[in-house]
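From first to last, the protein sequence lines are chains A and B. Number 22 in this note's numbering belongs to position 22 of the first sequence; there are no gaps in the numbering. Number 14 in this note's numbering belongs to position 14 of the second sequence; there are no gaps in the numbering.
Just so you know, these hints were derived from the structure itself, not from any lab. Warning: the hint list may mix true and false statements.
Stated by the list, open to error - Restricting the straight-line Cα-Cα distance to at most 30 Å, the calculated cross-link-like pairs of lysine-lysine (DSS-like) are:
1) K96(A) to K49(B)
2) K96(A) to K35(A)
3) K49(B) to K35(A)
To be verified - In silico contact screen, one side only, chain B against chain A (beta carbon under 8 Å); selected entries:
4) L37
5) G46
6) P73
7) E100
In this text the structure is predicted, and so the values were computed from the model without any measurement. Just so it is clear, CB atoms sit at the ideal spot from N, CA and C, and this is done for glycine as well.
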Amino acid sequence: MFRSHRSLALVSVIWALVGLLTLAGCAGTPVGQAKTLEQKVYALYGSFVIIQEQVAELTAEGSGLNRDTQLQLIRTVQRGQPVIDAMLDSFEEYEKARANLSDDESAADYIETVTASLENWVEQADSLVNSLRSALRGGNP
Amino acid sequence: MNVAEVVALALQSLSLLASNPKLGGGGLKKEEISELLEQFAILVRGGQKTWEELKEFAREVRDLADRGAQPSPRQWDLFRSRDEAVRATLQAAKERLTSEGGEGNPEREEGGSEVRSSGETTPEAPGESGSSEENPET
């Protein structure tokens with residue numbers, strides 16, 4: 001066992017995430033390919049699910065990673081979940097509002113409001129990855 | 001940055017780590033360094049697999065964008081069911097790892113969030129916080 005197991009686990013996680021995110025950046029991110037708001041939500045959600053699945057694989061029994069590294073990886077993705085959930089909730093509201101379109105002026109205002117809210121959540125979900133990367137650069141996962 | 005560069009940087013950091021007592025190294029034994037290298041190798045392989053999957057998914061999104069189409073309900077459902085399954089898997093893994101750590105584990109109360117179906121998450125409104133690294137549950 002390492003004398004400073006936690007610090008080594010931390011460095012391992014930092015590199016894991018730098019690696020994951022750098023490689024993800026190389027792919028030409030899914031959200032970068034999206035043109036509409038719906039496509040962006042879908043791209044961000046799918047990317048997040050894919051990253052979660054990879055972390056699940058890395059933290060499965062017998063993965064070979066040490067315990068502290070596995071726990072750090074799980075916590076990192078779980079911390080992002082509420083932002084993704086809020087984006088999806090906002091998207092649901094947006095879809096409902098669009099489905100109930102009417103000529104009413106207040107309906108138009110409502111659509112405008114839910115669209116703005118969704119755009120905000122999309123932006124926040126998108127910046128989740130970037131802020132994580134910045135935090136990692138500062139050595140503060 | 002490609003995989004080789006990531007590996008090279010990982011190795012550089014390993015050398016630094018192994019030689020610097022302030023970073024927890026300095027007294028690393030050969031077998032410890034080899035264990036750490038193995039950890040890096042697992043992580044880099046995982047990173048590469050994610051990259052491949054994201055690349056494939058980016059193609060799917062680009063195809064949608066090129067056709068001016070929206071994701072179908074089937075595409076959404078597929079990710080929703082994958083999401084639900086993976087969150088349960090992660091939570092189970094977290095509980096297993098935490099219990100393996102025994103009593104007095106200081107990490108026990110950190111991080112985590114309820115699954116989406118609980119409907120109890122209360123994330124911050126957009127723009128209220130510049131950091132997504134804070135635990136939204138607290």
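How the hints compare with the structure:
no. : hint             : result
1   : K96(A) to K49(B) : violated, 36 Å
2   : K96(A) to K35(A) : holds, 21 Å
3   : K49(B) to K35(A) : holds, 26 Å
4   : L37              : violated, 11 Å
5   : G46              : holds, 5 Å
6   : P73              : violated, 11 Å
7   : E100             : holds, 6 Å
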